[in-house]
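Number of protein chains: 2
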Amino acid sequence: MKFSSSLLVAASVATLATAAGSTSKPKNYIFFLPDGYGPASETFARDFANYKSNNTNMLPVDELAIGYVRTFATDTLVTDSAAAATAYACGKKTYNGAIGVDDNYKPLGTILEAAKLDGFMTGLVVTSRITHASPAGFATHTYFRDLESDIADQLVGYTHPLGRVVDVMMGGGRCFFLPQSDEESCREDDVDLWSIAHDKYNWTMTTEREKFDELDNGLAEDIPLPFAFIPNLDHMMYEVDRESSLEPSLTEMAITTLNLFDRLTKDSDKGFFLFIEASRIDHAGHAHDPIGHVHDILEYNRAMQAIVQWINDGHSDTALLSGADHECGGLTMGVPDYAWYPEVLDVARNTAGIYAQQFETFNETANATETDKMKYLKEQIFEAYGIKNATKEEIEGYFTADSAEIYLGEVLSARAGINWSTLGHTAVDITLFGHGINTHNMIGSWENGEVGQFMANQLGLNVANVTKILQANESFVQAIGPDAEGKKLIKRYRLQHDHEHLHEGAFHKH
Amino acid sequence: MKFSSSLLVAASVATLATAAGSTSKPKNYIFFLPDGYGPASETFARDFANYKSNNTNMLPVDELAIGYVRTFATDTLVTDSAAAATAYACGKKTYNGAIGVDDNYKPLGTILEAAKLDGFMTGLVVTSRITHASPAGFATHTYFRDLESDIADQLVGYTHPLGRVVDVMMGGGRCFFLPQSDEESCREDDVDLWSIAHDKYNWTMTTEREKFDELDNGLAEDIPLPFAFIPNLDHMMYEVDRESSLEPSLTEMAITTLNLFDRLTKDSDKGFFLFIEASRIDHAGHAHDPIGHVHDILEYNRAMQAIVQWINDGHSDTALLSGADHECGGLTMGVPDYAWYPEVLDVARNTAGIYAQQFETFNETANATETDKMKYLKEQIFEAYGIKNATKEEIEGYFTADSAEIYLGEVLSARAGINWSTLGHTAVDITLFGHGINTHNMIGSWENGEVGQFMANQLGLNVANVTKILQANESFVQAIGPDAEGKKLIKRYRLQHDHEHLHEGAFHKH
Chain L
0 MKFSSSLLVA
10 ASVATLATAA
20 GSTSKPKNYI
30 FFLPDGYGPA
40 SETFARDFAN
50 YKSNNTNMLP
60 VDELAIGYVR
70 TFATDTLVTD
80 SAAAATAYAC
90 GKKTYNGAIG
100 VDDNYKPLGT
110 ILEAAKLDGF
120 MTGLVVTSRI
130 THASPAGFAT
140 HTYFRDLESD
150 IADQLVGYTH
160 PLGRVVDVMM
170 GGGRCFFLPQ
180 SDEESCREDD
190 VDLWSIAHDK
200 YNWTMTTERE
210 KFDELDNGLA
220 EDIPLPFAFI
230 PNLDHMMYEV
240 DRESSLEPSL
250 TEMAITTLNL
260 FDRLTKDSDK
270 GFFLFIEASR
280 IDHAGHAHDP
290 IGHVHDILEY
300 NRAMQAIVQW
310 INDGHSDTAL
320 LSGADHECGG
330 LTMGVPDYAW
340 YPEVLDVARN
350 TAGIYAQQFE
360 TFNETANATE
370 TDKMKYLKEQ
380 IFEAYGIKNA
390 TKEEIEGYFT
400 ADSAEIYLGE
410 VLSARAGINW
420 STLGHTAVDI
430 TLFGHGINTH
440 NMIGSWENGE
450 VGQFMANQLG
460 LNVANVTKIL
470 QANESFVQAI
480 GPDAEGKKLI
490 KRYRLQHDHE
500 HLHEGAFHKH
Chain A
0 MKFSSSLLVA
10 ASVATLATAA
20 GSTSKPKNYI
30 FFLPDGYGPA
40 SETFARDFAN
50 YKSNNTNMLP
60 VDELAIGYVR
70 TFATDTLVTD
80 SAAAATAYAC
90 GKKTYNGAIG
100 VDDNYKPLGT
110 ILEAAKLDGF
120 MTGLVVTSRI
130 THASPAGFAT
140 HTYFRDLESD
150 IADQLVGYTH
160 PLGRVVDVMM
170 GGGRCFFLPQ
180 SDEESCREDD
190 VDLWSIAHDK
200 YNWTMTTERE
210 KFDELDNGLA
220 EDIPLPFAFI
230 PNLDHMMYEV
240 DRESSLEPSL
250 TEMAITTLNL
260 FDRLTKDSDK
270 GFFLFIEASR
280 IDHAGHAHDP
290 IGHVHDILEY
300 NRAMQAIVQW
310 INDGHSDTAL
320 LSGADHECGG
330 LTMGVPDYAW
340 YPEVLDVARN
350 TAGIYAQQFE
360 TFNETANATE
370 TDKMKYLKEQ
380 IFEAYGIKNA
390 TKEEIEGYFT
400 ADSAEIYLGE
410 VLSARAGINW
420 STLGHTAVDI
430 TLFGHGINTH
440 NMIGSWENGE
450 VGQFMANQLG
460 LNVANVTKIL
470 QANESFVQAI
480 GPDAEGKKLI
490 KRYRLQHDHE
500 HLHEGAFHKH
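Those protein sequences? They're chains L and A, same order as listed.
Everything in the first sequence is counted per numbering that gives the first Met the number 0, starting at 0 for the first residue and increasing by one.
Everything in the second sequence is counted per numbering that gives the first Met the number 0, starting at 0 for the first residue and increasing by one.
Be a bit skeptical, because a hint or two may be false.
[Stated by the list, open to error] Cut-off 30 angstroms, straight-line C-alpha distance, at most; resulting in silico cross-link-like pairs (DSS-like, lysine-lysine):
hint, chain 1, residue 1, chain 2, residue 2
1, L, K490, A, K387
2, L, K51, A, K490
3, L, K269, L, K199
[Said to hold, decoys possible] Derived coverage of chain L by chain A (criterion: at least 3 residues anywhere in the stretch with Cβ under 8 angstroms from a Cβ of chain A; other residues may be distant):
hint, stretch
4, 58–69
5, 124–137
6, 337–345
7, 409–423
Simulated from the structure, these hints should not be mistaken for laboratory data.
Predicted model, so just to flag it, every value in this text is computed and none were measured.
C-beta atoms are modelled at their ideal positions from N, C-alpha and C, and glycine is treated no differently.
Full structure from sequences and hints, please.
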């Protein structure tokens with residue numbers, strides 16, 4: 000089956016693009032990545048929000064939809080976050096696991112690096128570890144996403160061949176900045192990156208919400224740049240679990256950074272490039288936890304709405320594009336046939352992981368009897384999470400489940416009429432949202448790499464030139480490529496994702 | 000959680016709509032409904048087509064994407080085809096099962112009826128039974144979709160209070176036109192609708208492909224209108240199973256009808272409204288058969304491409320919108336984690352139903368031994384359908400499955416990395432495609448009813464007036480509403496779709 004490859008762009012769209020075709024371009028660009036946010040996630044969260052408010056409103060992002068994105072990686076039809084981030088950042092597809100490198104492990108310049116070299120301000124604001132695949136793909140280079148110590152080293156400028164390319168970073172992942180002698184460290188070396196960043200690269204490294212809050216008050220000249228706000232060792236908390244005295248919301252981090260950049264660049268002809276990620280929509284999808292999923296999606300929507308408001312409110316030189324890297328969890332609503340009850344999700348006040356932890360704590364109390372424990376599990380865990388009148392079978396399943404967290408999520412999902420088909424991602428196209436100058440040019444269907452190319456072009460950046468600089472640096476190319484051990488790492492990662500044996504039959508009717 | 004309900008339409012889109020805002024409107028409208036075509040179905044078919052042609056092309060419809068549609072019905076968040084067709088046709092949401100009636104069983108005027116009353120030509124071209132929910136929702140009225148005899152009666156004009164409102168219909172479902180004395184009839188009365196249509200309403204009623212082909216040759220004055228081409232008792236064949244000597248493709252039916260309408264209306268100031276449906280994308284989803292699903296999707300794409308070509312080729316006064324009624328089957332690709340192998344689908348030359356039938360026939364041959372049968376099943380059925388080296392377990396499962404057809408589909412799907420989560424529909428928004436005059440005004444996110452309102456407005460039609468006429472007809476209102484038995488019918492249908500008991504716990508870990 001072969002379709003003609005003629006470019007039958009809808010006449011309407013083509014006409015519009017020409018009619019409104021403007022030569023003016025944005026000074027600033029925001030790329031906002033809702034990780035693991037597939038089309039079903041949007042309907043899912045909208046139906047929940049509308050249940051809560053008893054209406055049939057749109058979500059804020061519904062009003063910004065302009066197209067969709069084709070996300071496959073070079074080695075599989077189902078991408079991971081690393082390959083997708085690299086495609087968005089570098090304008091070129093690569094293999095799953097790759098951070099800012101191509102299929103041959105050669106570094107690719109990113110839009111953020113090109114922006115920095117051209118005098119823009121740059122930022123990474125995320126709710127995962129700041130060293131996680133998505134932010135990493137915008138500012139660092141390594142053959143494998145799990146090398147988060149190396150990624151942290153590059154993020155602060157320590158081992159980045161272009162020097163420091165990031166001005167502001169916010170997110171979790173402090174454990175990758177601590178030497179292994181520190182019991183909270185995730186590193187396997189003695190590098191005290193937190194101190195190096197501060198001492199050698201002038202970073203303000205802080206874990207304190209107060210320091211973050213001060214950003215909103217300081218005058219431009221008072222702002223201690225570069226600025227890293229990394230309150231958590233691991234990821235930031237899910238929105239529904241967040242303690243606001245310790246962590247700002249993603250919306251707060253995004254708007255604070257926008258205001259900061261605005262103050263710092265308003266007298267310059269160069270603006271900023273800001274990468275924002277609602278990282279944990281994805282994590283809740285992997286965990287099959289509808290509670291974490293829905294509340295992080297709603298926070299993504301609040302952040303998008305706040306940014307649109309910010310752009311409309313005197314910042315029309317800023318453009319916003321937003322698209323996920325991939326769907327996560329294989330979410331569908333209507334399982335069994337035609338069932339979908341968002342009200343079931345309106346009981347829980349925390350993610351499944353918190354409830355599972357809470358039970359673990361109770362379970363370890365010395366004087367609790369088995370009866371106490373079962374009662375506690377039923378009433379304080381299942382019931383509190385939204386699983387009304389848990390059956391004996393449902394409760395017993397808790398103790399044999401591989402993961403108590405995932406088990407709780409799946410039981411609640413089944414009650415709500417939600418199904419998760421995989422612990423990984425799925426191949427479905429994701430929706431592209433846009434607001435502001437020239438984003439109408441992105442109406443329609445695009446490869447993820449094309450989205451990155453468009454943004455770089457809009458800022459007048461030469462990403463190819465950054466690639467040239469990076470690839471000319473032989474010792475860097477050497478350092479970020481895999482040795483024999485590294486090739487094994489990648490192979491193992493791919494094998495986890497590889498199921499060619501399916502062809503030979505492994506069907507179990509469920 | 001409450002979002003501000005401000006209408007934050009993307010500035011770009013709003014600007015464009017104004018910039019290109021034209022007062023000219025289309026003379027003709029085509030609404031093309033790919034039944035059961037969710038976002039994942041599009042990625043699925045594209046990946047398959049690209050596997051076949053070894054490239055990374057877009058599908059034809061990818062190039063026409065302009066937005067998406069929110070599809071919930073008034074009684075559930077997961078719509079059926081009846082409620083969705085009514086929303087598109089009448090501009091108003093209703094309950095699952097409703098055909099052209101509102102929540103109170105009162106008739107709602109449809110865009111097709113309004114077009115007919117205003118002097119337009121009208122057509123229904125589908126691959127399901129012509130009496131099935133989607134075409135029925137555009138031209139008939141009844142409280143329950145399964146009353147297909149009543150729907151047939153209205154389609155030909157026999158019991159329609161507006162008289163005959165359809166000029167051309169093509170599709171399956173002849174059994175509903177035959178009196179119960181005919182062994183091929185699906186009716187429960189003695190009405191010989193086929194003869195009545197011909198004798199009293201001047202329909203050319205034909206089952207012959209030759210008669211269909213003649214439509215392309217005749218002069219306008221020779222065309223024997225109204226014209227019904229209904230070759231099959233039940234649905235038309237799936238595209239991959241189609242015998243072209245008996246049945247034209249959906250593309251052929253669509254283009255032939257367009258040319259016919261074009262010739263008949265070219266000297267009139269009134270054009271036509273044509274409803275086209277790729278009906279069986281949905282049926283294959285219900286059957287979990289990736290083969291029927293992918294080939295009917297590709298045929299939908301060919302038909303869309305041909306229509307766009309037709310519009311571009313001298314028919315710029317015709318506008319096209321296309322959107323599904325809902326997703327079907329809960330399709331996801333990447334199950335287990337990251338597996339998705341479209342090549343597995345490149346073996347079968349028929350749908351699963353045909354292979355299951357084929358085995359049934361062999362199974363009934365008198366002198367075949369058990370060994371013969373198992374060998375035949377493995378080699379001529381499983382292998383031919385694409386299930387290489389079927390395991391003993393896979394083959395044994397065939398005999399205990401509720402449905403051999405669905406079982407085959409599920410085994411093949413598992414080999415390909417595809418999951419189907421439900422035998423019904425799911426809630427995810429569907430994609431809206433458009434081409435031609437003013438369709439850019441539909442960029443963004445819409446309720447299904449808003450799509451119908453837009454089309455009626457574009458043709459300058461007064462659907463509300465048709466509603467008034469219909470509702471003023473008391474005997475008709477009476478006839479199409481439910482009696483006590485009818486209310487039971489609806490209740491039963493809703494119960495099939497109702498799983499409130501989930502709240503009380505029915506989780507089985509799979």
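Quick one: which hint numbers does this structure break? Sort them smallest to largest. 5
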